[in-house]
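> So the chains spell out like this:
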Amino acid sequence: MSFPWAEQYTPKHPVMQWVDEKLPLPRLVYNAVGAGYPVPRNLNYFWNFGVLAGLALVIQIVTGVIMAMHYGANDLVAFGTVEQTMRDVNAGWLMRYAHANGASFFFIVVYLHIFRGLYFGSYKAPREMVWLLGLVIFLLMMATAFMGYVLPWGQMSYWGAKVITGLFGAIPVVGEPIQTWLLGGFAPGNASLNRFFSLHFLLPFVIAGVIILHIWALHIPGSSNPTGVEVKGPQDTVPFHPYYTAKDGFGAGVFLIAFSILLFFAPNFLGHPDNYIEANPLSTPAHIVPEWYFWPFYAILRAFTVDFFFIPAKLLGVLAMFASILLLFFLPWLDTSPVRSGRYRPTFRKFWWILLGDVAVLGYCGGAPAAEPFVMISQIAAAYYFAHFLIILPLIARFEMPLPLPGSITEAVLATYGKTDGETAAVPAE
Amino acid sequence: MASVEQTDGTGPSGEDGVRRRDFINIAAVSFAGVGGVAVVLPLIDQMNPSADVLALASTEVDLSAIQPGQAIKTTFRSQPLFVRQLTAKEIAEADKVDPATLRDPQTLEERTVDGKKQWLVTMGVCTHLGCVPLGAGEGENRGEFGGYFCPCHGSSYDTAARIRKGPAPKNLEVPKYSFTSDTAILVG
Numbered sequence: 001m002s003f004p005w006a007e008q009y010t011p012k013h014p015v016m017q018w019v020d021e022k023l024p025l026p027r028l029v030y031n032a033v034g035a036g037y038p039v040p041r042n043l044n045y046f047w048n049f050g051v052l053a054g055l056a057l058v059i060q061i062v063t064g065v066i067m068a069m070h071y072g073a074n075d076l077v078a079f080g081t082v083e084q085t086m087r088d089v090n091a092g093w094l095m096r097y098a099h100a101n102g103a104s105f106f107f108i109v110v111y112l113h114i115f116r117g118l119y120f121g122s123y124k125a126p127r128e129m130v131w132l133l134g135l136v137i138f139l140l141m142m143a144t145a146f147m148g149y150v151l152p153w154g155q156m157s158y159w160g161a162k163v164i165t166g167l168f169g170a171i172p173v174v175g176e177p178i179q180t181w182l183l184g185g186f187a188p189g190n191a192s193l194n195r196f197f198s199l200h201f202l203l204p205f206v207i208a209g210v211i212i213l214h215i216w217a218l219h220i221p222g223s224s225n226p227t228g229v230e231v232k233g234p235q236d237t238v239p240f241h242p243y244y245t246a247k248d249g250f251g252a253g254v255f256l257i258a259f260s261i262l263l264f265f266a267p268n269f270l271g272h273p274d275n276y277i278e279a280n281p282l283s284t285p286a287h288i289v290p291e292w293y294f295w296p297f298y299a300i301l302r303a304f305t306v307d308f309f310f311i312p313a314k315l316l317g318v319l320a321m322f323a324s325i326l327l328l329f330f331l332p333w334l335d336t337s338p339v340r341s342g343r344y345r346p347t348f349r350k351f352w353w354i355l356l357g358d359v360a361v362l363g364y365c366g367g368a369p370a371a372e373p374f375v376m377i378s379q380i381a382a383a384y385y386f387a388h389f390l391i392i393l394p395l396i397a398r399f400e401m402p403l404p405l406p407g408s409i410t411e412a413v414l415a416t417y418g419k420t421d422g423e424t425a426a427v428p429a430e
Numbered sequence: 001m002a003s004v005e006q007t008d009g010t011g012p013s014g015e016d017g018v019r020r021r022d023f024i025n026i027a028a029v030s031f032a033g034v035g036g037v038a039v040v041l042p043l044i045d046q047m048n049p050s051a052d053v054l055a056l057a058s059t060e061v062d063l064s065a066i067q068p069g070q071a072i073k074t075t076f077r078s079q080p081l082f083v084r085q086l087t088a089k090e091i092a093e094a095d096k097v098d099p100a101t102l103r104d105p106q107t108l109e110e111r112t113v114d115g116k117k118q119w120l121v122t123m124g125v126c127t128h129l130g131c132v133p134l135g136a137g138e139g140e141n142r143g144e145f146g147g148y149f150c151p152c153h154g155s156s157y158d159t160a161a162r163i164r165k166g167p168a169p170k171n172l173e174v175p176k177y178s179f180t181s182d183t184a185i186l187v188g
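Read top to bottom, the protein sequences are chains A and B.
Each residue of the first sequence is one higher than the one before, starting from 1 at the first, in my numbering.
Each residue of the second sequence is one higher than the one before, starting from 1 at the first, in my numbering.
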């Protein structure tokens with residue numbers, strides 16, 4: 001599970017020795033996120049985002065449990081209790097704004113975490129399971145965020161619930177029964193609101209469980225690093241604590257500053273004014289859009305406007321949207337290049353930037369009205385998204401000539417920062 | 001264990017080497033499996049609409065106040081219902097279209113009650129993803145085919161509420177209804 005040179009947990013206090021014999025939980029923590037976990041010495045700041053995502057989850061669970069203390073999960077009172085939390089409950093406004101903006105920040109750090117993995121090839125062997133579990137977490141996050149957005153029972157909540165459950169209605173034959181089953185009625189109503197509340201409360205803890213598996217799977221091969229070259233000896237690593245607890249601590253400070261700026265100065269910047277109108281089943285808001293973090297997928301959903309053979313456009317859009325995420329589960333086997341890091345893959349690197357731009361364009365179109373030119377742009381961008389993973393990546397892996405890799409992490413570090421005097425440990429200990 | 005039992009000949013084994021214990025094992029696990037599935041059924045079924053949601057009264061709609069060219073928006077099974085009295089011009093426009101060219105081919109006759117062609121009763125639920133189309137209210141955008149227009153993803157319906165453009169796959173649904181008098185319908 002760890003490198004042989006990892007520091008050993010040796011409790012000195014008799015109480016800690018007693019605990020270690022009965023339940024070695026402190027030992028587990030020490031080996032997982034303490035000095036007992038050796039980490040490559042060259043991690044850059046893009047490696048902060050896993051810990052930051054964990055921090056965001058903690059913020060969401062704390063503020064969310066508090067929100068639940070003041071919330072009434074009933075369609076008659078839900079909207080009112082959220083407004084009451086905002087106006088009457090002590091610091092209620094802070095809890096709600098922190099929870100709503102916390103969701104956005106959770107997605108920001110997770111998207112950075114995912115694109116970090118895409119750039120540095122973190123999904124490649126032997127870390128495929130880490131990637132797959134990460135995608136499971138991402139799917140759970142999307143479900144949780146969607147159901148949470150329904151709870152204030154505003155116009156966007158209601159119509160979001162209707163549109164998203166309508167996606168399942170597109171499935172032939174069983175679609176409508178599934179939609180009715182999900183909603184507990186023919187349209188979103190009290191039954192839907194109650195079950196969404198129950199699941200919205202449950203899923204974050206499921207996410208926490210899968211995060212433990214994600215970290216467990218990561219710790220078997222150990223963390224990747226910006227060179228993509230595996231650890232070869234003790235000189236390539238430093239203990240997680242204090243080196244990366246300190247580095248992550250700094251990252252957490254920056255994260256909290258950015259979070260506070262949005263939370264205290266523009267708490268409604270990422271929201272929709274329509275959600276301050278109570279749900280009305282008889283009136284659709286002029287412009288239904290999901291929260292920004294769903295926009296790229298929403299753009300893919302709307303990109304299909306004509307039937308293809310016998311498949312209706314509606315079903316195609318739904319299939320494409322789900323496929324755009326499911327596709328990522330196959331990524332470790334689509335990108336067959338043995339070189340992990342984009343640093344040593346000149347062609348791959350360019351296409352990574354194009355993909356980033358493509359997803360940004362999809363995001364912009366997903367938030368724009370369903371009209372030209374956005375529909376056509378989303379069609380092109382959606383086609384490119386699939387081409388990137390299904391055609392371009394396998395082709396690059398076959399034809400690209402990677403740059404020479406450094407002999408070891410230490411060699412790469414010393415090539416950048418090392419002085420010729422003194423440091424002679426640049427020899428990889430193989 | 002199993003191999004010991006078989007080789008020393010103490011276990012009762014059939015001709016093909018299948019032992020009583022194998023049968024008991026499979027039978028017990030199968031029984032527990034069927035029981036497990038039986039328990040899951042109510043756990044899933046509780047999410048289906050409850051009796052009070054299903055016990056939906058049919059809706060009666062009074063048509064007397066609706067002038068030609070006007071529409072009203074009411075509810076049926078907690079979803080919007082559009083009732084429109086078509087003008088002669090709208091009926092002519094709907095009849096002019098060859099149904100074979102439509103995505104969901106239907107004539108206006110098929111979508112209305114015999115002899116009451118001017119009364120168009122449809123659900124106000126876009127067949128794409130369930131938004132309420134515009135066009136029933138006074139002055140709302142009725143789209144380029146003069147019927148209903150869904151603002152969510154741009155589906156346009158014609159004067160017979162048939163899908164003409166955009167992502168929706170079907171015409172606006174016509175619920176079951178009957179005329180109880182010349183100026184009243186019973187939906188459901």
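These are computed hints drawn from the structure, not numbers from a lab.
One or more hints might be untrue.
Residues from chain B shown here face chain A by an in silico Cβ test under 10 Å; the list is partial [said to hold, decoys possible]:
id, residue
1, Pro49
2, Leu54
3, Ser58
4, Pro105
5, Gly124
6, Cys150
All C-beta atoms, glycine included, are put in the ideal place defined by N, C-alpha and C.
> Taking the hints in turn, state whether each one holds.
Hint check results:
no.	hint	verdict
1	Pro49	holds, 5 Å
2	Leu54	holds, 9 Å
3	Ser58	violated, 14 Å
4	Pro105	violated, 14 Å
5	Gly124	holds, 8 Å
6	Cys150	holds, 8 Å
When the structure is compared with the earlier hints, violations turn up for hints 3 and 4 and for no others.
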